[in-house]
Each structure stands twice: as C-alpha cells, then as structure tokens.
Amino acid sequence: MIRTPQMLQKQEWLAFLFHRHNAHLASFHTFSNYPRIWIISIIILAVTSLSPLVMATLINNRLIHKSVDSELVLQTDRVTSNAKRSVRFFLEERLNALRFVVNELPYYSLIDNEHLTKILINLKLGFGGFTDLSIIDSDGSQVAYAGPFNLEGKNYKTQSWFKQSMEKDNFISEVFTGYRDVPHIIIAVRSQNAYGRYYLLRATLDTQRLMDTVLSYKSNFHTDIFLINHTGILQTPSTNYGKIFTPTQIDIPAFSDTTQVITPENNKDKSYVVGYSYIATEAVTTPFILMVHKKKSEVMGTWLNLGKTFNWIIGFCCLVMMVIITLVSTYMVNQLFLADQSKAETMLKMEQSQQLACIGQLSAGIAHEINNPLALINETTGYLKDLYHYKDTPRDDKEIIELLNDILEAVSRCGTITSQLLGFVRQFDVQISSVNVEQLITGILSFHKKETEYKGIHVTTAIAPDVPDIKTDRGKLQQILLNLINNAFQAIEVNGCLDITVSHLPPNTISIEIKDTGCGISEENLQRIHEPFFSTKKERKGTGLGLSITYGLVKKLQGSIRVESSEGVGTIFTVTLPVKLQKEDEA
Amino acid sequence: MKIILVDDETKFINMLARRLSLRGLDADVAYSGEQALEKAAQTRYDIAVLDMKMPGMSGLALKNKLLKKLPDIKFIFVTGHGGVDKNGNSDLSEEIFLAKPLNIDTLIDTIQQQIHPHK
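Protein chains in written order, with this note's numbering: chain A, 1 to 587; chain B, 1 to 119.
Hints are computed from structural coordinates only; laboratory data are not their basis.
Note that CB positions come from ideal geometry on N, CA and C, so glycine has one too.
Accuracy of the hints is not assured; some may be wrong.
Claimed, not checked - Here are the simulated DMTMM-like cross-link-like pairs (lysine to aspartate or glutamate), alpha carbons at most 25 Å apart as the crow flies:
1) B:K68 - B:D28
2) B:K53 - A:E453
3) B:K65 - A:E493
4) A:K449 - B:D8
5) A:K455 - B:E38
6) A:K385 - B:D28
7) B:K11 - A:E402
8) B:K53 - A:E409
9) A:K391 - B:D109
10) A:K385 - B:E38
11) A:K450 - A:E409
12) A:K450 - B:E34
13) B:K11 - A:E409
14) A:K450 - B:D105
15) B:K11 - A:E399
16) A:K391 - B:E38
17) B:K63 - A:E453
18) A:K385 - B:D26
As the list claims (entries may be wrong) - Have a look at the derived ranges for each label pair, beta carbon to beta carbon:
19) B:G24 - A:S412: 45 to 51 Å
20) B:M1 - A:E453: 28 to 34 Å
21) B:K65 - A:P507: 55 to 61 Å
22) A:G456 - B:M1: 31 to 37 Å
23) B:Q112 - A:K455: 34 to 40 Å
24) A:G456 - B:K39: 21 to 27 Å
25) B:Q112 - A:L408: 31 to 37 Å
Please build the complete structure, drawing on both the sequences and the hints.
Given below as structure tokens:
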C-alpha cells in the first residue's frame, strides 16, 4: 500500500520501531536495520560522553582515598607518639622519684613506717598516682609499708615480679591484681643498704592515672587507644577489645621503640590503621605496648562525605546525560527513518508511475491489436445481419458456420491480448514462482507484432535447449524484459534486427541478451543511463525512469545487468539472473 | 462508382466488400499497397478506403502513389488506433479518418459525401 501524504506528515514518534513493515517499501530504504542503528548510536554517544566523567570520578575517588589514607597515617602517628611520650614520661617520672628517695635517704630511715608514710604523702603531693610504698629486703619479706592496705609482713619471695626486680636496678610490672584484688602496677628500684645487701623500694601505682593519661589522647570514638602487654592481654580498657585483662587476638607487632603505623593485613577494606610503640624508658623496658586503632570512616568523614556527594552528583549527571542521549538519538534516528521512508515512498511512486508509463507506451499497439479483431467481428456480424436483411434465403448453413468461426477466432485473438495484459497486474512484493523465460519473451513480443510488421524488424529469439524454468518473480522479470524490449523497439529503425538470446550458464545462472541494431548510446550517456530522470527521449516520450527502475528490479532479483553500446551500431543489454531466487531473509 | 478497399486484414476487408456489394456498391479489395497499385493500373477507381498502417507501404504512402495514377481519386482512411490526433500534422489535416471497428452506414455516408460533396 502506498501511504498517503497525510500519513507521511504525521511524524510518529518512534516510527522506526513501530512502523508497519512493507518489504517492497523497505527495499528502497538506504538503511535496513533502524533499531540497530538506534542502539549503536546510543551506545557510541554514551561511551564517548560518559567515559571521561566516569574516569574523572574514579581518579577523584582514588585521590580522596589516598589523601585520606595518608592523613590517617599521619594523625595516627601523631597520636601514638604523643601518647607514648606521655605514658613513658608518667612511668619515668615515678621511677626517678623512687630512685631519688633511695639515693637520698639511708636504709634505716626508710624502714621506719612513719617516715615511709611521710614520703608517700610527699610523693602523692608531688606526683600523684602512688597508692602505697614498701621496702622489701632481699629475702622477699616486706620490712616496711605505708599505704591503705594492711600488707605488713607479707613475703613476696615466690612472686615473679620480685624475682625480676631483684635482677636489675629498675623494674616496672604489668598491670595485675596481686594480693589486694585491685589492678595496679608495681614499680620498684633496687638499692643496697649499709651492709651491702640489696633491698627494693616498691611503689604501687594507681592504674586509673595511667588509664587517664592514655585515654586523654582518645580524641573521638573512632580512635581506640590502649596498652597491651607482650602477650596481647589488655592493660587498659579498650573500646574494641573490652575490659582490662581481656586477651586480645592482636598480632603482637615486631619490637620498635619508635612509633610505627601499619595497616593490618586482615583488615580487608583498609577501614582502619594501627599505630603502635613499645614503651621503653631510658632506665628500663616496660611490658607495655601502646596500641592506637584509628578508623578511617568519619575520621575522614568530611572527605568521604564529600566524595559520596560528588559520586551522587556524577551519577545524577550520567542519568540526565543518558536520558538526553537517548532522546536525541531517538529523535535523530526517527528523523532519518522518516526521511528515508519518504524517499522510499517517492521511489515507490516513481516505480509505479514508470510502470504505468510503460503500459501507456504499449497501449497504442494493444489498441491496434484489439481493434483489428474487433473490426472483423463487427463486419462479420454485420454481414450476418445483412444476410437476413437483403437475402430471402438466409439458411446457407455452410457460410454462416464459416462466419461464426471467424467471429470466434477473432474473439480468441482479443482474449489472448487481454490475458497477456492481465499478466501485468502489479505485484510489488517478491513472489517466487516457476517462470518459463521463452513464454515470457514470446508474450512480450506479441505486443509488438504489428510494429514488427510495419517496421519490417527482423526479430530472432534463440533459447538454448538447456535453459531451465527459473524460480523468480514473474512480474518483475516481465517488467525488466518489457522495458528493455520496448527500448529496443524504440531505437530500431526500419528493417533493423532484434536478437534475443537466452543461455544457461551452469550451474545456476541464466543470461538474457537483448541485442538491437538501433541508434546506440553515446559513451557519455552510457555512464548515466541508470540515473533516475536521465532521458534522451525528447518531449514527454520518456520519464527517464525506465532503465533506473530496470536496474533496481534486476538487483531485487539478485541478478546483474550489463550494457554494451556503440553509437549508430546498436546496443546489447545482458541480464544475468540466478536460476533460483533466494528469499530475502535467506539471502 | 468503383471503390477499392486496402487492408492487410484479409478477412475483414473481404467481409466489408461483401457488405458494400449487398448495398449496391461495387468494391474491390487489395491486401497490400503493391496489390492496390496493380489494380489501379487496370481499373479507374473513384474512391479508396485505406488502412493507415500496413506492412511495407503505409496508407499515406499509398495515397501519394495512387494520386499519380488516378488524380481524381478520393480517399478515406481507416485506423485501428482509436482516435487520430490530426493536430500539428499538415499531411493529415485534410484527410477523412474513420476508426475501427467501422459503422457500415457511416462509411457509406462518408463515401457518398466524398463522391458528391455538394449533396
């Protein structure tokens, strides 16, 4: 069906997706697969426009994470070393105070409980954090005690801290509960009395002070700062690991008395870093390791939030761009389709009008072909009527039968012509049927019978005996041959020749050669004959579409057409066609 | 009055001759231009009814040749091409054309008018 111009003007949105498929119309389209063009254009546009944006976002994210990481490491390092210094100072200060006491005072004044209590009060005033003081002799027995617990006379000989502290000048213990069931730290200094015997000045330190010192560096709840001993048992409470004395599963880091920051390996998304330092005073190593766990999230919250916001904005931009790209692509492809469609419709109309023009050219010959038998019928029936009118003896059966036979013969002549005309009923979609080329050519030549006679044209048809019936579209082949033969007849002068040769080119092609001794085509025109509207026929005689349409039709029948011509000598058109036309979707 | 009918459609022309003779008109037939010229050499015809298109010699060519032999002869042309476009062709502007199929009465009237134009 041809679309009316009104239908064409109604430019449907997404027409290229939802138009009614018309194979014949589609054959005039420049592009065949519009949905594919549409999708490819969207993909290309999306990739080219979105990829820089996505790249920039990825790079930006990496930068943010990198700077967050380095900032985190820096902060952790700072907190760890500050806290370590404080803890070390806390312990060192107290140890030095004890050293001062044993160096300053003789042994005998130290073992005086009252004097010791005075010293404890002064130490509490001067430094704070001291719970009690005691003097322990080398046998482990407590010879003097000042403090709130009643521990006088206790023997520490079997306790490990005692053994350890007797081996060196200074000692700092882990946090432990001991006899009194309260977490405390022991610091002890070793000295010699007047008899040269070793004794210890031992002080217990309130762990609360140590905890306070450590916790004062805990800037927010994303930072966990605590002390462990060398076996991983908590020495101060930890946000992550729990109360004091809880064994942690922390891998004990390698010894370092300077601050180290590491990113633990089991920490998959690198959400926190660990800073640590072994606490070692100048005089003594301690059993403490200072640990700082700093979480990345919200430590660098602003940065990450910014990144997140940025990602959202980029995501939204991508979405908007995708929508625009899709709309623009759809619009463009649709416009392309509509333009193509209107071109195809024009071409279709041209093909139809050319077909009509072609039939118009034939009509004169056809009129003559039909009028002659009609004239005969007219005269014969008129004569039969005359027989009744002018003669009294009309029953001359023999003559009447002869006359009637003449009429019947003339009628069948007319019938032949009309049935051949009916063969030109238009068929636009390719319909494959078995076609006898010889019959087709004979049929077409019969339209030109009179012209052949008048012009004295010598027509020969040579069909090779091995030419098979071909499977092709009868209507299209008919039109191709009709166009070429019409052209030949128009070119041939009186007493010219038209030779039609059909041969079989094994295995599956036939060739139809139409050779005329007409005026021929000049070389410059030969280049242009397949162009639409190119015509050398003057004044209305031709539409200029015949050969262009013929070329198109041959292409549709999957064949090829070749022309050789020399001016004044004649022209040979050779059409090569497949014996079996493949259906379009198979081809 | 002698009439000559020229057409390559033999049956048609024979039938036309018979019908004319039934109406008292004396008509000879010729199946080609050459045959017509032969017959014209022997008989003095008053009027010729010619088919326009014939193999070999066309109706118009035949007219010119017949005029040389019989200067007074009148012509009626018959054509199978439906209407004839006389415009712009000075050779045809004076001629009488009749379309096939013919109406016998129109033909006879036309013949009479050609022979006796003043009637």
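Comparing the hints with the structure gives:
no., hint, result
1, B:K68 - B:D28, "holds, 19 Å"
2, B:K53 - A:E453, "holds, 10 Å"
3, B:K65 - A:E493, "holds, 23 Å"
4, A:K449 - B:D8, "holds, 13 Å"
5, A:K455 - B:E38, "holds, 23 Å"
6, A:K385 - B:D28, "holds, 22 Å"
7, B:K11 - A:E402, "holds, 11 Å"
8, B:K53 - A:E409, "holds, 22 Å"
9, A:K391 - B:D109, "holds, 22 Å"
10, A:K385 - B:E38, "violated, 33 Å"
11, A:K450 - A:E409, "holds, 18 Å"
12, A:K450 - B:E34, "holds, 19 Å"
13, B:K11 - A:E409, "holds, 11 Å"
14, A:K450 - B:D105, "violated, 28 Å"
15, B:K11 - A:E399, "holds, 14 Å"
16, A:K391 - B:E38, "violated, 33 Å"
17, B:K63 - A:E453, "holds, 20 Å"
18, A:K385 - B:D26, "holds, 19 Å"
19, B:G24 - A:S412: 45 to 51 Å, "violated, 34 Å"
20, B:M1 - A:E453: 28 to 34 Å, "holds, 32 Å"
21, B:K65 - A:P507: 55 to 61 Å, "holds, 58 Å"
22, A:G456 - B:M1: 31 to 37 Å, "holds, 35 Å"
23, B:Q112 - A:K455: 34 to 40 Å, "holds, 36 Å"
24, A:G456 - B:K39: 21 to 27 Å, "holds, 23 Å"
25, B:Q112 - A:L408: 31 to 37 Å, "holds, 34 Å"
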